[in-house]
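Peer 1: Chain A is already provided as a structure; the job is to place chain B on it using the hints.
Here the protein sequences come in this chain order: A and B.
Note that my numbering has the first sequence beginning at 12, numbered continuously upward.
Note that my numbering has the second sequence beginning at 12, numbered continuously upward.
Mixed in with the good hints, there may be bad ones.
Some chain B residues judged to face chain A by a derived CB distance under 7 Å, without partners named [said to hold, decoys possible]: (1) ALA54; (2) TYR183; (3) PRO271; (4) THR274; (5) GLY275.
From chain A, some residues computed to sit far from chain B (all C-beta separations above 10 Å) [what the hints assert, rightly or not]: (6) ASP111; (7) LEU140; (8) ALA180; (9) ILE264; (10) ALA322.
The list that follows gives simulated cross-link-like pairs (lysine to any residue, SDA-like), each with its CA atoms no further than 25 Å apart [as the list claims (entries may be wrong)]: (11) B/LYS78 <-> B/LYS138; (12) B/LYS199 <-> A/ARG325; (13) B/LYS199 <-> A/ALA276; (14) A/LYS178 <-> A/LEU144; (15) A/LYS349 <-> A/LYS134; (16) B/LYS78 <-> A/ALA74; (17) A/LYS78 <-> B/THR58; (18) B/LYS349 <-> B/THR167; (19) B/LYS178 <-> A/ALA180; (20) A/LYS349 <-> B/THR274; (21) B/LYS80 <-> A/GLN119; (22) A/LYS178 <-> B/GLY335; (23) A/LYS178 <-> A/PRO45; (24) A/LYS349 <-> B/LYS78; (25) B/LYS163 <-> B/PRO148; (26) A/LYS178 <-> B/LYS199; (27) A/LYS134 <-> A/LYS199; (28) A/LYS80 <-> B/ALA74; (29) A/LYS80 <-> B/GLY335; (30) A/LYS178 <-> A/LYS199; (31) B/LYS199 <-> B/SER176; (32) B/LYS80 <-> A/ALA276; (33) B/LYS178 <-> A/SER176; (34) A/LYS178 <-> B/SER176; (35) A/LYS178 <-> B/ALA74; (36) A/LYS78 <-> A/VAL290; (37) B/LYS163 <-> B/TYR197; (38) B/LYS349 <-> A/GLY278; (39) A/LYS57 <-> A/SER296; (40) A/LYS78 <-> B/GLN119.
I should point out that these hints are in silico values taken from the structure, not numbers from a laboratory.
The beta-carbon is built from N, C-alpha and C at its ideal position, and this holds for glycine as well.
Number of protein chains: 2
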Amino acid sequence: MRKHLLPLALLLTATPALPQASANIAAGRAQPSPLAPAEIVNAAPKTDWAAIAASDLLVMDLAPDSKGKPRRVVIQLMPAPFSQGWVSNIRKLAAARFWDGTSINRVQDNYVVQWGDANAEDKAKAKRLPGDLAAVPESEYITTSPFGVVRKSDGTPLRGYLPESIKAADPYAERFEFVEGMPFGYMKTQELGIVTKTWVEVSWPVHCYGMVGVGRDMPPNTGTGAELYTVIGHAPRHLDRNIALVGRVIEGIEHMSSLPRGTGALGFYETPEERTGIVSVRIGSEVSGLPAYEYLATESESFARYADARANRRDAFFIRPAGGADICNIPVPVRRVK
Amino acid sequence: MRKHLLPLALLLTATPALPQASANIAAGRAQPSPLAPAEIVNAAPKTDWAAIAASDLLVMDLAPDSKGKPRRVVIQLMPAPFSQGWVSNIRKLAAARFWDGTSINRVQDNYVVQWGDANAEDKAKAKRLPGDLAAVPESEYITTSPFGVVRKSDGTPLRGYLPESIKAADPYAERFEFVEGMPFGYMKTQELGIVTKTWVEVSWPVHCYGMVGVGRDMPPNTGTGAELYTVIGHAPRHLDRNIALVGRVIEGIEHMSSLPRGTGALGFYETPEERTGIVSVRIGSEVSGLPAYEYLATESESFARYADARANRRDAFFIRPAGGADICNIPVPVRRVK
Chain A
12 MRKHLLPLAL LLTATPALPQ ASANIAAGRA QPSPLAPAEI VNAAPKTDWA
62 AIAASDLLVM DLAPDSKGKP RRVVIQLMPA PFSQGWVSNI RKLAAARFWD
112 GTSINRVQDN YVVQWGDANA EDKAKAKRLP GDLAAVPESE YITTSPFGVV
162 RKSDGTPLRG YLPESIKAAD PYAERFEFVE GMPFGYMKTQ ELGIVTKTWV
212 EVSWPVHCYG MVGVGRDMPP NTGTGAELYT VIGHAPRHLD RNIALVGRVI
262 EGIEHMSSLP RGTGALGFYE TPEERTGIVS VRIGSEVSGL PAYEYLATES
312 ESFARYADAR ANRRDAFFIR PAGGADICNI PVPVRRVK
Chain B
12 MRKHLLPLAL LLTATPALPQ ASANIAAGRA QPSPLAPAEI VNAAPKTDWA
62 AIAASDLLVM DLAPDSKGKP RRVVIQLMPA PFSQGWVSNI RKLAAARFWD
112 GTSINRVQDN YVVQWGDANA EDKAKAKRLP GDLAAVPESE YITTSPFGVV
162 RKSDGTPLRG YLPESIKAAD PYAERFEFVE GMPFGYMKTQ ELGIVTKTWV
212 EVSWPVHCYG MVGVGRDMPP NTGTGAELYT VIGHAPRHLD RNIALVGRVI
262 EGIEHMSSLP RGTGALGFYE TPEERTGIVS VRIGSEVSGL PAYEYLATES
312 ESFARYADAR ANRRDAFFIR PAGGADICNI PVPVRRVK
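One chain only, chain A, in its complex shape:
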């Protein structure tokens, strides 16, 4: 009953590499490239990289490791208009030095690392929160826009080159898009107006590896942002649209993902000694000597080529291109500016 086929992809790999024609990319037909994704990223022109403002970074310094090495985690905050209620709270919390002296309290394998005030549940011991934090409604988990129009944070329509064939294959959304370096799911729906129904699109940030979210209690609580987590395993996308996402780790996630797993329920540490201390959390513009960072512009042709190569590896190690990729298997490249 068991037979063997010729590799399906021999035909594909035999296709000669065509010159990269931007007209074809713009039409959603990214050219087959024999380059590995990292090679495409390395060859991307400077104009295809976008700067991340230091004021949009959150810089968390953990206590040094057992050998005395510093452990810094750099997080890019979610651009407007997404999740801005929580992002605003987070800016206030950083300005108030709320996280200084708190700790990483939970490390659950293949799931999340979570940090904040370990005594938050104990009113006698809990750190005082800044008084002006917003209580953000659940409706802010999603954002709506006119059907088919994806917008960047400055309001201009997004014009990306990512092939529709890749974007349409998502088990959790009708399609996905990257907007300013962040992953989003999209779904069209009808909105009731006074007279007519109009089609709109709903979008929401996606729980990929390294995304940063807001811990919360049971609904309708949505969390303030004082308790944060990051994803350290396979994308837990059942959390999408159920919890706020406020950014993603762009450097230093290994300082969190390699921590010992907690042995309590949900991966919480059972003793205070197991926790990793947080020395300070600051907005990047307050940190002296911070490198400048940029991401491969998700609206650029280079990004489309990179995504196509992630979906269809044609470099020498591979014998069969996958023919697709899920959004979380297309991590957005970030680099320090030299």
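Peer 2: Same frame as chain A, now just chain B:
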């Protein structure tokens, strides 16, 4: 331009929980359950659990951690007919004590942990491999069967209850299936016979978190099985059909996923001191005192309910069921037999 919708899922969560009717599950209409996935697993009857034979386990004991705690990793080997050339090699390597005294040599964040002989590339220092290892052809990365017939390892057709709507949403395959506790992608294709073309299905194991694969050199090399890796990040499914998968970690993956990341290229450790030693690797039937393990039978009704709940969380924490799940976000539950 920004408006807010009512949560789409309010309608769904308002649906009363119906009694679980097996006829409906069998028809691919798993009943909405307000239970969390873990609660469904805990309530599954004994008959919905399947034993894993000790002879199908690979037990790897790492050197104790810095506090002297033992670190054991238990791997379930891939059932027939999948990847059996490499599995057979692995049984020979374990019988020859090949891995005793070798090490974990590579830990790449959000990707893989890899182990084996750190000196394999150095002919003067490399450990000698057993002489009778098979050179397995690339054609063994996939398995074919008559169209629409998924078979278990004893040859009987698989009859699972997983809803088609969940299985059909996969960016890397036409649909997915679980077979005896392991995740597989499926795709139909035509096979040329002498006279006619017949439809067949191609299947292959999928690179989910914790799956174990065979390191290899450039194609057409397929690896012997002496060099193994496990996935410790988001599913790198571009590796599917390009590398052999031989099993999955069912216990102790945290001993690998929490190791310090290697700072060399591809996450290899740069000095021998950074490596974690492997004390021994044995087939489970050789290990005295090993607990018995079982997995939630992927052909059972309980598994279908569990998968449906993973795709549509209706327990109290959630306000919007996702409406789908990718195969790697439905990890197959495993337990020790009490």
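Peer 1: Next step is simple, just say for each hint if it's right about the structure.
Peer 2: Evaluation of the provided hints:
The beta carbon of B/ALA54 is not positioned within 7 Å of any beta carbon in chain A (closest approach about 19 Å), and the interface hint is therefore violated. With its C-beta approaching chain A no nearer than about 5 Å, B/TYR183 sits inside the 7 Å limit, and its interface hint holds. Look at B/PRO271: its Cβ gets to within about 6 Å of chain A, closer than 7 Å, so that hint holds up. At its closest, the beta carbon of B/THR274 sits 9 Å from a beta carbon of chain A; the interface hint therefore is violated under the 7 Å criterion.
With its C-beta approaching chain A no nearer than about 14 Å, B/GLY275 sits outside the 7 Å limit, and its interface hint is violated. Interface exclusion of A/ASP111 from chain B stands, the closest Cβ pair being 26 Å apart, more than 10 Å. Consistency note on A/LEU140: stated as away from chain B, and its beta-carbon is indeed over 10 Å from all of that chain's, at 22 Å minimum. Chain B draws A/ALA180 into its interface by the beta-carbon criterion, the shortest separation being 4 Å against a cut-off of 10 Å.
Listed as outside the interface, A/ILE264 is inconsistent with that label: its C-beta sits roughly 7 Å from the nearest C-beta of chain B, within the 10 Å cut-off. Under the 10 Å C-beta cut-off, the non-interface status given to A/ALA322 relative to chain B is violated; the minimum distance is some 8 Å. At most 25 Å may separate the alpha-carbon atoms for a hinted pair to count; B/LYS78 and B/LYS138 exceed this at roughly 30 Å. For the hint linking B/LYS199 to A/ARG325, the alpha-carbon distance of about 22 Å falls within 25 Å, and the restraint holds.
A distance of roughly 43 Å separates the Cα atoms of B/LYS199 and A/ALA276; the hinted pair therefore is violated under the 25 Å criterion. The suggested pairing of A/LYS178 with A/LEU144 is violated, with an alpha-carbon distance near 36 Å, which exceeds 25 Å. As the CA atoms of A/LYS349 and A/LYS134 are separated by approximately 47 Å, the hinted pair breaks the 25 Å bound. In summary, the hint linking B/LYS78 to A/ALA74 is supported, as the alpha carbons are separated by about 20 Å, within the 25 Å threshold.
Only pairs whose Cα atoms come within 25 Å are accepted, and A/LYS78 paired with B/THR58 is rejected, the gap being roughly 50 Å. Simply put, B/LYS349 and B/THR167 have alpha-carbon atoms about 29 Å apart, too far for the 25 Å limit, and the pair is violated. For the hint pairing B/LYS178 with A/ALA180, the CA-to-CA distance comes to about 13 Å; that is within 25 Å, so the pair holds. Restraint check for A/LYS349 and B/THR274: satisfied, since their Cα atoms lie roughly 20 Å apart, inside the 25 Å limit.
Between B/LYS80 and A/GLN119, the direct Cα distance comes to roughly 19 Å. Compliance with the 25 Å bound is thereby established for this hinted pair. A C-alpha spacing of about 16 Å is found between A/LYS178 and B/GLY335, which places the hinted pair at or below 25 Å, so the restraint holds. Proposed proximity of A/LYS178 and A/PRO45 is supported: the alpha carbons are some 21 Å apart, at most 25 Å. Between A/LYS349 and B/LYS78, the direct Cα distance comes to roughly 41 Å. Violation of the 25 Å bound is thereby established for this hinted pair.
Our distance criterion of 25 Å between C-alpha atoms is met by B/LYS163 and B/PRO148, whose separation comes to about 23 Å. Restraint check for A/LYS178 and B/LYS199: satisfied, since their Cα atoms lie roughly 22 Å apart, inside the 25 Å limit. With a C-alpha separation of about 43 Å, the suggested pairing of A/LYS134 with A/LYS199 is violated against the 25 Å cut-off. A C-alpha spacing of about 24 Å is found between A/LYS80 and B/ALA74, which places the hinted pair at or below 25 Å, so the restraint holds.
For the hint linking A/LYS80 to B/GLY335, the alpha-carbon distance of about 42 Å lies beyond 25 Å, and the restraint is violated. About 14 Å separates the Cα atoms of A/LYS178 and A/LYS199, which keeps this hinted pair within 25 Å; it holds. A threshold of 25 Å between alpha carbons decides the hint, and for B/LYS199 with B/SER176 the separation of about 17 Å falls inside it, so the pair holds. Note on B/LYS80 and A/ALA276: the hinted pairing holds, with a Cα-Cα distance of about 20 Å set against a maximum of 25 Å.
Proposed proximity of B/LYS178 and A/SER176 is supported: the alpha carbons are some 19 Å apart, at most 25 Å. Proposed proximity of A/LYS178 and B/SER176 is supported: the alpha carbons are some 19 Å apart, at most 25 Å. In summary, the hint linking A/LYS178 to B/ALA74 is not supported, as the alpha carbons are separated by about 45 Å, beyond the 25 Å threshold. A threshold of 25 Å between alpha carbons decides the hint, and for A/LYS78 with A/VAL290 the separation of about 16 Å falls inside it, so the pair holds.
With a C-alpha separation of about 14 Å, the suggested pair B/LYS163 and B/TYR197 falls inside the 25 Å cut-off, and the hint holds. Distance hint between B/LYS349 and A/GLY278 is fulfilled; the C-alpha atoms sit about 23 Å from each other, no more than 25 Å. About 23 Å separates the Cα atoms of A/LYS57 and A/SER296, which keeps this hinted pair within 25 Å; it holds. For a cut-off of 25 Å, the pair hint linking A/LYS78 to B/GLN119 stands: about 20 Å separates their Cα positions.
In summary, the numbered hints that this structure violates are 1, 4, 5, 8, 9, 10, 11, 13, 14, 15, 17, 18, 24, 27, 29, 35.
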